[in-house]
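Which chain is which? The protein sequence lines are A and B, in order. My numbering numbers the first residue of the first sequence as 3 and each following residue consecutively. My numbering numbers the first residue of the second sequence as 3 and each following residue consecutively.
Quick caveat, the hints were computed from the structure, so don't treat them as lab data. Among these hints, one or two may not hold up.
Given that identical chains are not distinguished, each listed pair holds provided it fits within a single copy or across any two copies.
[As the list claims (entries may be wrong)] Cross-link-like lysine to aspartate or glutamate pairs, in silico, EDC-like; alpha carbons within 20 Å at most:
| # | residue 1 | residue 2 |
| --- | --- | --- |
| 1 | Lys518 | Glu456 |
| 2 | Lys11 | Asp65 |
| 3 | Lys403 | Asp47 |
| 4 | Lys473 | Glu462 |
| 5 | Lys103 | Asp116 |
Number of protein chains: 2
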Amino acid sequence: MGFTFQINKDVQFCRNEQLLEKAQACIPQLHHTEVFPQRYVKAVDDAGMLGGIGVRETAAPEDALGKGDTVILDFGRHVTGSFSAHIDHHGSPMDAPLWLKIRFAEVPFELTSDINAYDGWLSSSWIQEESVHMDVLPAELVLSRRYSFRYVMITVMDTSPKWKVSFDRISVQAVSSAPEVYEPLQVHDDMLRKIADVSTATLAECMQEVFEDGPKRDRRLWLGDLRLQALADYAVFGETDIVRHCMYLFAAMTASDGRISANVFTSPDYQPDDSFLFDYSLFLTSVLYDYERFRYDEETLRDLYPVCRQMMVYARTFVDEDGCLRLPEEYPVFIDWSDAFDKSTAGQAVMIFVLRQFIELAGLCGEDAGEWQDLLARMERYAVQELFDENTGMFVSGAHKEINIASQVWMVLAGVLDHAHNHELMRKAVQELFPVHGIATPYMYHHIVQALFEAGLDDEAVSLMKAYWGKMIAMGADTFWEAFDPERPEYSPYGSPVVSSFCHAWSCTPVWLIRKYINREEF
Amino acid sequence: MGFTFQINKDVQFCRNEQLLEKAQACIPQLHHTEVFPQRYVKAVDDAGMLGGIGVRETAAPEDALGKGDTVILDFGRHVTGSFSAHIDHHGSPMDAPLWLKIRFAEVPFELTSDINAYDGWLSSSWIQEESVHMDVLPAELVLSRRYSFRYVMITVMDTSPKWKVSFDRISVQAVSSAPEVYEPLQVHDDMLRKIADVSTATLAECMQEVFEDGPKRDRRLWLGDLRLQALADYAVFGETDIVRHCMYLFAAMTASDGRISANVFTSPDYQPDDSFLFDYSLFLTSVLYDYERFRYDEETLRDLYPVCRQMMVYARTFVDEDGCLRLPEEYPVFIDWSDAFDKSTAGQAVMIFVLRQFIELAGLCGEDAGEWQDLLARMERYAVQELFDENTGMFVSGAHKEINIASQVWMVLAGVLDHAHNHELMRKAVQELFPVHGIATPYMYHHIVQALFEAGLDDEAVSLMKAYWGKMIAMGADTFWEAFDPERPEYSPYGSPVVSSFCHAWSCTPVWLIRKYINREEF
């Protein structure tokens with residue numbers, strides 16, 4: 003994910019060394035693969051592609067390259083890894099250093115963007131461009147950082163009038179903890195198969211030592227993203243080490259009041275971020291619940307349930323006597339990037355959704371869940387009695403009784419109505435609220451599609467999946483993007499593609515949606 | 003030095019492995035010294051300083067640095083070496099990479115220059131600015147390249163709104179092959195002592211594995227510069243390994259016709275440049291002559307004399323029957339950067355100057371120098387009879403009988419007139435041609451000052467030395483510059499200080515001039 007900045011310097015954190023040790027014991031193994039460029043390309047105007055920029059194959063340069071010359075290499079797929087090349091000079095002896103700029107791009111649009119013009123609120127340090135000087139050639143250029151890209155643009159900033167340079171043995175040491183061999187999902191529909199394949203590639207690229215949100219940016223483990231990545235992983239790879247590693251990291255470093263961080267840092271040390279999102283905090287329960295359903299694991303359950311319970315005890319303090327969740331401003335729900343809609347009803351629904359899973363976990367642990375059943379009942383009653391509007395047949399949110407898509411979707415997922423009412427609710431939502439407005443995250447679109455499936459509106463679910471993820475593929479996606487608003491396909495959340503992530507894990511869920519709701523396979 | 007580009011791809015070179023082995027046997031030892039910044043400064047307008055920019059001390063930053071913050075560190079002296087710093091972050095965990103720009107500056111003027119505006123004919127790859135990304139902090143930043151500077155400007159391009167950075171343990175591993183302990187020249191005059199000290203610093207910084215022309219740029223061994231560096235070295239350090247190393251390199255890799263390259267490259271392999279300057283080629287003889295006078299060394303004499311002889315045989319082909327040197331366009335004399343004056347008479351004088359030294363070397367080797375004496379007599383006769391103009395009492399040059407300073411100076415150094423006539427000639431030169439116009443190289447100014455001393459115009463020599471090198475010091479020089487035109491102190495040969503060298507070896511000679519002509523010490 004990626005979000006407005008919270009700065010909470012004074013939070014006290016606990017550090018459970020025993021859980022950290024267990025986290026370390028299941029660090030997934032990284033696999034390295036050498037990947038080579040497939041062809042030379044040039045950036046061209048292409049109205050159908052993201053930002054109106056595509057690529058066209060070109061011949062390899064016939065001569066060595068001099069000042070101002072540029073080449074673009076296409077690796078043929080999205081890769082995450084380190085870059086190296088052998089560089090030699092041609093002509094007279096090298097009477098000056100070589101100066102290069104090397105830009106890494108996930109999408110062609112990044113190749114043509116003016117990076118100096120970027121002035122957004124996200125750090126410009128994410129821009130994947132290096133300035134490199136080499137004093138002696140021939141030499142191996144080995145860039146030490148990890149990049150995330152399909153295209154590499156090399157610009158010769160300067161040599162000297164007396165010599166030029168050539169590049170060969172260009173390669174990438176690609177890295178991922180996704181298994182190198184796996185059985186792809188069987189999908190009969192062509193477009194859905196493409197969507198499943200791109201979902202799988204997106205997930206695999208984000209699977210590093212942790213589930214990263216995006217290998218270009220933020221390269222970090224977020225709890226909300228972890229929940230979706232783990233589901234997609236079960237659907238295609240079934241790798242559980244990385245899921246356990248991530249869960250233990252969150253569980254080992256909670257705030258002293260029980261809150262769970264929205265994300266954790268893993269380098270140079272394990273460290274929780276001082277950002278907190280109410281729904282993300284709750285989702286550790288959800289990740290544990292999904293994990294235990296996928297592969298029952300008593301040890302992990304016993305280790306992590308108390309952390310989920312402590313969080314739930316803390317969350318409960320925000321629920322009033324009537325069963326209404328009232329969150330303080332400094333502990334918001336995320337639901338979606340957009341702040342243009344009221345999220346209180348969706349937040350109520352998320353807590354109900356998680357509470358239901360928590361009660362099952364309590365049962366698995368042999369705990370009496372009576373008090374939690376009561377809480378659940380109170381919150382459900384409030385939802386149905388106070389938040390459901392009989393006139394419109396939809397849930398309302400906030401003081402102004404706003405009707406938005408997030409409230410309907412999360413109430414369906416929370417299961418506060420019976421199947422027939424859910425069906426009716428989502429039918430109305432499609433009728434009244436589609437096409438969806440103002441939502442740019444695959445994260446929210448995932449929940450909309452899932453709610454459609456849950457409500458038995460399979461055709462609408464498939465059609466939305468194709469319209470959303472399929473449209474990204476039509477616009478050139480090799481991996482799915484951090485943000486995409488089909489109503490505004492040019493929309494870039496940061497004003498420039500150079501800091502956007504075009505391989506972003508919260509968009510990888512179609513592979514899970516297809517396996518669960520279309521293939522209807524048990525896994 | 004630094005010059006217009008010759009491209010002579012088809013030159014055949016010899017490679018004398020025996021001489022190369024001897025070159026390798028006397029590679030000078032590099033000394034490493036850790037140097038620390040002395041203070042924080044800021045760049046300020048200062049009309050008296052080079053480019054109108056000086057520095058003023060400022061307090062160390064009280065807080066950590068964020069986006070857009072800049073600090074300038076002053077190392078208190080010119081250093082050549084590698085840079086390192088310990089960098090940490092402060093605030094929330096590091097949620098983005100750190101992006102820095104680090105600029106190294108020999109003079110304050112470089113700190114304020116817009117490097118993107120540079121569009122000169124010298125490679126922009128010489129600009130000493132790096133763009134650095136760091137993904138994990140705290141960390142040691144160790145830049146692998148060698149820089150030449152007194153000031154380091156660190157600009158924090160971006161962090162994130164959640165954290166800032168601090169720098170400590172900043173240091174430079176300074177490197178030089180000049181001896182760490184030596185006896186400074188005794189000079190009583192204050193300004194001359196300062197000039198001697200800055201000369202010594204300039205020479206020491208250029209003493210690396212070879213005598214480099216400038217440690218910032220070109221970092222390369224040029225024969226004309228070597229000649230002056232060796233003289234200054236004898237005057238202050240008396241290190242002969244580096245002189246022998248450099249002489250053997252030139253001697254080992256001549257063109258197959260006997261021409262000696264204007265410069266050689268030493269990394270990754272020893273390789274002669276394909277640029278040739280007639281006077282520079284001749285100067286290997288001059289360097290050997292000065293070396294043998296400083297420390298008689300029969301082995302080196304026997305090894306290198308044949309190479310000097312072969313060059314002289316080749317040079318002789320350009321002298322006509324009347325004793326006039328007529329050079330082809332592709333083998334010019336350098337004399338000075340300026341191409342705005344006729345150099346044929348100065349070229350004639352340089353050959354006479356060197357021929358005289360060559361004849362002495364031939365004698366030392368026990369060779370019959372009869373043919374060379376004849377050549378010398380013929381060339382001197384031509385100079386006196388055809389190039390000296392009785393009317394003006396000065397030497398003329400070229401078809402238009404141009405009177406310029408270079409002709410007078412080199413004819414004095416060549417000794418074609420007796421002392422009284424030399425005195426009269428330089429008196430006239432001072433009268434007619436001073437202040438010197440259109441000359442920007444310390445290289446030419448050195449020869450003017452030397453000619454004044456040789457002609458017995460000591461006061462004029464000292465006064466010119468003070469006016470030229472002293473003026474650089476007054477304008478802030480810690481080491482002497484590649485180019486300086488006292489009539490146009492703002493003049494930058496490349497249009498921008500960012501590619502100029504402000505520690506340039508051909509400006510280091512005052513220490514030799516003072517010891518030889520003022521102290522009148524034997525050494």
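Hint check results:
1. Lys518 / Glu456: within (11 Å within a copy, 98 Å between copies)
2. Lys11 / Asp65: Cα proximity of Lys11 and Asp65: across copies only (16 Å, versus 56 Å in one copy).
3. Lys403 / Asp47: Neither: 45 Å inside a chain and 63 Å across chains, both beyond 20 Å.
4. Lys473 / Glu462: within (16 Å within a copy, 83 Å between copies)
5. Lys103 / Asp116: both (13 Å within a copy, 18 Å between copies)
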